[in-house]
Structures are given as C-alpha cells and as structure tokens.
Amino acid sequence: MENMAGQKPAVVIALNLSVVLLVFLWIFPTLGLFVSSFRTGDQITSSGWWASLFPAEQILQVRVQDPDEFRVDRGNGVFVVEGNVFAEGLGEPLPIDSWGTSSRALDANQAGDTADLGDGETMTLAEDGSYIWQGNDEQISGRAQRMFITATVPPNFTLDNYGFVLFNPENAEGMAKAFFNTLTVVIPATIIPILIAAFAAYALAWMDFPGRALLIAAVVGLLVVPLQLALIPLLSLHNAVGIGKGYLGVWLAHTGFGLPLAIYLLRNYMVGLPRDIIENAKVDGATDFQIFTKIILPLSFPALASFAIFQFLWTWNDLLVALVFLIDSSGQTTVMTKQLVELLGTRGGDWEILATSAFVSIAVPLVVFFSMQRYLVRGLLAGSVK
Amino acid sequence: MHPALLGLVTVAIGVSGCIGYFYGANLFLDKVLYPAKGPNAGRNINRANMIRPWVFLFPALCALGLYLAYPVFATLRLSFLERLPGNEYAFVGMENYTKMFAEPKFWEAMRNNVMWLIFVPAASTAFGLLAAQLTDRLRWGSIAKSIIFMPMAISLVGAAVIFKLVYEARPEDVAQIGVLNHLYLNYFGGVEPQQWLQIPFWNNLFLMIVLVWIQTGFAMVILSAALRGIPEETVEAAIVDGANPVQIFFKIKIPQIMSTIVVVWTTITIATLKVFDIVFAMTNGQWETQVLANYMYDKLFRANDWGMGSAAAMIIMLMVTPILWWNVQNARKEMR
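The listed protein sequences correspond, in order, to chains R and G.
Sequential numbering of the first sequence, starting at 1, is according to the working numbering.
Sequential numbering of the second sequence, starting at 1001, is according to the working numbering.
One chain only, chain R, in its complex shape (with noise of 0.2 Å):
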C-alpha cells in the first residue's frame, strides 16, 4: 500500500500520529506498573507515577537543629545556629530552587538569600542547605525555626522491592513459593497434553476409520465448553479416587482442559503437509508409528511450539482451575495469581508491594510473548481461521 497513489503527506502524519496514539493507550497502564515497581512507598503515594519519569520539585519540610542545645553565643547579645538541612535529615543534597520559613509564602526566598524574620532576627540558606540562623537571647531559643525547600528532585528509582517481594525471607506475602508453585503446575502441564495430542490429531488427520468426521467435530465442540461446568463434578471424581486437592489434580485438569485446543491446532497443520511425503513412506513400507514419530512430529514443530506456547501462558495466568484444583486451606500450594488476589485485599495501599508483585507475575509471560511471538501469531492463525 505504500506506493499507492495519492498518498498526501498529511495523510501519512496523521496516520503515524493516530498509531502512536493508539500505541500510547496500550502501553501506558502497564508502564504505570512496571514504573511502580521501582519507587518506595513514598514515592508512589506522593506523585503519580508518570511524574517520576521527570525531574521533580518537591517541597520538603524540615526544622532546624534545637536552639537550647545547638545556639551559639556570638557575644553581644547575638546568638547563631549553624548546620546543613541535607546533614540532618533530608538525605542527599538537592538543588535548591526556593525556599521560605513561612507555609504562606513557601518561595519567598532563592538560595543564598538571607531572609529577614523581623527585629533583627535574619536565616540564611546557602546552596549546599548550610544555614545560619541568627537572633538575640529570646529569638534563638524555644522552638527551632521551619524551613519549607522547594528542590529538584532527580528521577530516582530502587530495586528493593524486588528484593522484598522476591528474596526476603520474613515477608510471608513474597512470591519467591508462588512463583516455584506456578512453575510446578506449568510444565507438566505443558508437555503432557502435547504428546498425547500429537497421536490423537495424526489419527484424526491422516488415518481412515469410520467415525472420524464425528470426532473432529465433537473436538470441535469441546473446544467451547466453558471450564466452568467442570469444576462441581471433577472436584468431587478427585475427591472420590483419593486425588484431592493437589498438583496431581491440577495436571490433569489443565491437560483435560488444554486438549481441544491441542489437537484441533496440531490436525489442523498436520492435514495441510504434503500427502506425497506419507504416500511415498507408506510405499516405501514405514508402519504409521514411523511415520508419525520420524515424518509429522518434526515437520509439525512449528505447530507444537504454538500450541506449547498457548498453554503455557494459559496455565501460568490462570486462576480459576488453580482455586479449585489445587489451593487447599494450608496455603502452601499458592500460585502467583492467588496470591496477587490475596495482596489486592490485604495489601490494597501498598503499592510497591502490589506492582512489584504483579510485575513478578507478569514478567515471564512477557518473555515467552516477545521471544517466540511468531509461533504465537501462526497458532492463532492456524486456530480461528479455517
């Protein structure tokens, strides 16, 4: 389409600033997260996170050092407090743009000014925060003076909440078990319906028996049987045969539940390779087995990986099949997504707690995604348009 006629200009920048657009909605509320993430609890209540990106002023309130105990005697009656705002308490210096000793007037002054505090009282804030504060007997005591500072604050970011989500040990809201847990249930998972798949969409793709067309289509209508109508009857079969609640469980409800999806992707791709390549092995005298394991697994590796794929990100996001099956009253069991619905309720505030957890959650799937989305795509391709 690009060498088509008529292409205005204003045409192609409106077309580029509407995909940024879009581009931009799509991405922003995760952004927020992964931002999130990285600040202190502070941070996030104290700005929205798309402020971070920037530097910052930021007002900070601080009083001087306790007259009664600090205060110099100058002679004559003149009496000083010496000290540095960032040496006691505010943490590393920051430029400082403004600042004022009244909440009213909070820019009344720049750095190095000297401000007049009435019958001779006099504070002066230097650059680096150091301040002398200056007065008689009376003024310098009792109270020490407020300073409000307006600074730029540099765009600062932390890993420890990583560190407290993953690796602390006494947090017993961590990830670090779910995480393990949802790995656990995934990889079994993952392969075990896809051989048992493979057999079942070669028979169905490539073998002749009677009934064939009646199972391609009952896959067909599995394929939209909502998991939901599973959960009362399979729960109580697990419970009967002594499975219970339990990783066992979870296997095979989510190999039970992957397998539509598995062999109508895989026979879908099978019956599409050439019919000379089997003919001529059946020719040449290779039983079905050969052909199967020697002939369509390699050539199918592509839709192996999209379905692979499929399932794996299936059963890591997945929530409901894990509450039922597998998450017992112990707790021990956890996977990430139950334990972010968990966060949500007990820890609804803490924001750092809550996105870094998330982003834990998030950030294999997002891996898988970007690194094998070309079986992605082709899977959903070879899966919903036929």
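Possibly wrong hints are sitting among the right ones.
Restricting the straight-line Cα-Cα distance to at most 20 Å, the calculated cross-link-like pairs of lysine to aspartate or glutamate (DMTMM-like) are [what the hints assert, rightly or not]: (1) Lys8/R / Glu1236/G; (2) Lys8/R / Asp1298/G; (3) Lys1333/G / Asp1305/G; (4) Lys294/R / Asp1030/G; (5) Lys1251/G / Glu1236/G; (6) Lys245/R / Asp1298/G; (7) Lys1274/G / Asp1298/G; (8) Lys8/R / Asp1136/G; (9) Lys282/R / Asp1030/G; (10) Lys1333/G / Asp208/R.
The hints are simulated quantities; they were obtained by calculation from the structure and are not laboratory data.
Small disclaimer: the values here were computed from a predicted structure and weren't measured.
Starting from the known structure of chain R, fit chain G onto it as the hints suggest.
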C-alpha cells in the same frame, strides 16, 4: 518430596508413560495381536490398521471424555439435585432454577453479562480492525502491533492490578496517583476524585475496558492477516474507479473479510462469557458488577450450594450452545 521435584518426576513419568504407551501398544498390535506373518498375514495387517487409530486416540479420548464431556452431563444432573448432609442427594426438579431466578443478584449478573457480551466483542473487534488497518501501512507497524498484542500475555489478574492503579482514587487533598482521576480533576473539570469501580452501572464499563484492552491484540492479529489476504486487484480496481480510502475500507475490504470478523467476534464472545478473573479480583461482584461466572463461583464455593451453582453453570453452557452448534456445523461443512 519437594513439589518442584515432584513436578519434574511427573514430567518424566508422564512423558515416558506416553511414549511407552504408544510404542508398546503399537508393538503389541503388530507383533502379538495381529502379527503380519503366517497364514493370515494379509487379514492381520488389515485388522491391525483398523485398530491402530483407536490406539492413537485412546488417551486423548479418555481425557476429553472425562474432563469435558462427562462434566456437562454431571453438572446437568447436579442442577436438579440438592445436596444433603452426609453425601446424599435429593431430586428437587427445577427448584434450583426457580430459586435462582428469584434472586435479584442472578438477574444483575445476567444483565451485566449481556452488557459484556455486547460491548467487549464489539469494541475489541473495532479497535482490532482499526489497529490492523492503520499499522499495516507503517514501516514501524510490526513494533506497534507487538505492543498492542502484548496484553495477551498478561494474566487477567495481572491486568486487574494494572487497571486498579489506573482507577485508583485518593483523598481530595493529596496527589492523585491513578491516571484517570488525575486527568478527570485536571483536564475534565472534575471537582472531587471518583471511586470509579464503585459507581453502579458505569463501573461495569471500567471492568470491560480491561478485557477489551486484552482482546484487541488478538482481533488485530487475525484481522491483519485477513486484510493482507485481500486480492490487490479488487482494491486497485476500486482506486481506478475513484473510490476514496474510506469507501475502499468499508465497501471493498470489510465485505471480503466478513467471515473472519465473525470468527473473531465469536471467539471473543466465548472468552467474554466465561469472564471471571477480572471481576473476582477487582470488585468481586460488589457495587452491581456481578457476572455469571463469578455468581456461580460464589454459589459453589462460598455458599456451598452445589445445586444452584450447577444451575448457574448450565445457564453459561446454554449461552455457549448456539456458538458451539454453529462451530460444529462449520467444521462439518469444511470436511466435505
């Protein structure tokens, strides 16, 4: 044993079990049951080939039957029963259904589900179509597509957390950290911060947006492939005839990809019907946001009422059935 180790052992057992089953059963068929030698060699080969498909299909059919087909009937049965203490059941006919229909919460869930079913597939397909058409012409289109497609990889619970931050409301006198309230107060003349998820009726919209955000990428990928499949000549002919881009899009392209649009629409419809995680994590059905799947979960595991829970599940099944039937018809048409 440590569960992770158990997982690895299971993978090993499962994989070797599968391979062992297929190999062993195949060998048994060829060498023991119907060996391809002796006086009946020809007949035996034919018989072996008649049985072999079922050998290949057996594990899959077992799993499908047990985990998907059987539950449909078991749930149907349960929906007519009432569970009594001591693992006993009593037949109550339609009572579970009539009780459910008398509950306002059920009708709220139905109303919301219908809204979800109208809004989410429509919005996702429309945005997906827009994104597909716009990005197809750009040099950096594939990057843009990747980003719009990305939410597909994010769990619904993860998305719920992401959007909770977007919708976050803080007291009036402190900084707003949710972008929606920030925009509302600073640019749209809002007076006080809104608890977006607690405004009845409209909060459904805010929940739906999460699913639209996720499903648009799916729609875009499929529709983009369909748009590329349109024969160039049809578009060129339209240009020669003086059609403008809008006309080309709506009169030439859309009709040609209509069948794909329908597929995308129905696929998203099914995903929407089963929506559970988003509501469960964000509002848990409070403030009039209940949906059927969450209503069912409530009945099954909180109220512990299997009869009504199963009845609710059957309602979901009933709503899926037209699509199921339509899919099966299409698949059968294709095979002829």
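How the hints compare with the structure:
1. For the hint linking lysine 8/R to glutamate 1236/G, the alpha-carbon distance of about 18 Å falls within 20 Å, and the restraint holds.
2. Straight-line distance between C-alpha atoms of lysine 8/R and aspartate 1298/G comes to about 57 Å, which puts the hinted pair past the 20 Å bound.
3. Among the hinted pairs, lysine 1333/G with aspartate 1305/G is inconsistent with the structure: their alpha-carbon atoms are about 42 Å apart, more than 20 Å.
4. With a CA separation close to 18 Å, the supplied pair lysine 294/R and aspartate 1030/G stays within the 20 Å bound.
5. Restraint check for lysine 1251/G and glutamate 1236/G: satisfied, since their Cα atoms lie roughly 13 Å apart, inside the 20 Å limit.
6. The straight-line distance between the Cα atoms of lysine 245/R and aspartate 1298/G is roughly 19 Å, inside the 20 Å bound, and the hint therefore holds.
7. Proposed proximity of lysine 1274/G and aspartate 1298/G is supported: the alpha carbons are some 14 Å apart, at most 20 Å.
8. For the proposed pair lysine 8/R and aspartate 1136/G, the alpha carbon gap of about 17 Å is at most 20 Å, so the pair holds.
9. Between the alpha carbons of lysine 282/R and aspartate 1030/G the distance comes to roughly 16 Å, so the proposed pair stays at or under 20 Å and holds.
10. Under the criterion of a C-alpha separation no larger than 20 Å, the hint pairing lysine 1333/G with aspartate 208/R is consistent with the structure, at around 18 Å.
Violated hints, listed in ascending order, are 2 and 3; each of the other numbered hints is respected by the structure.
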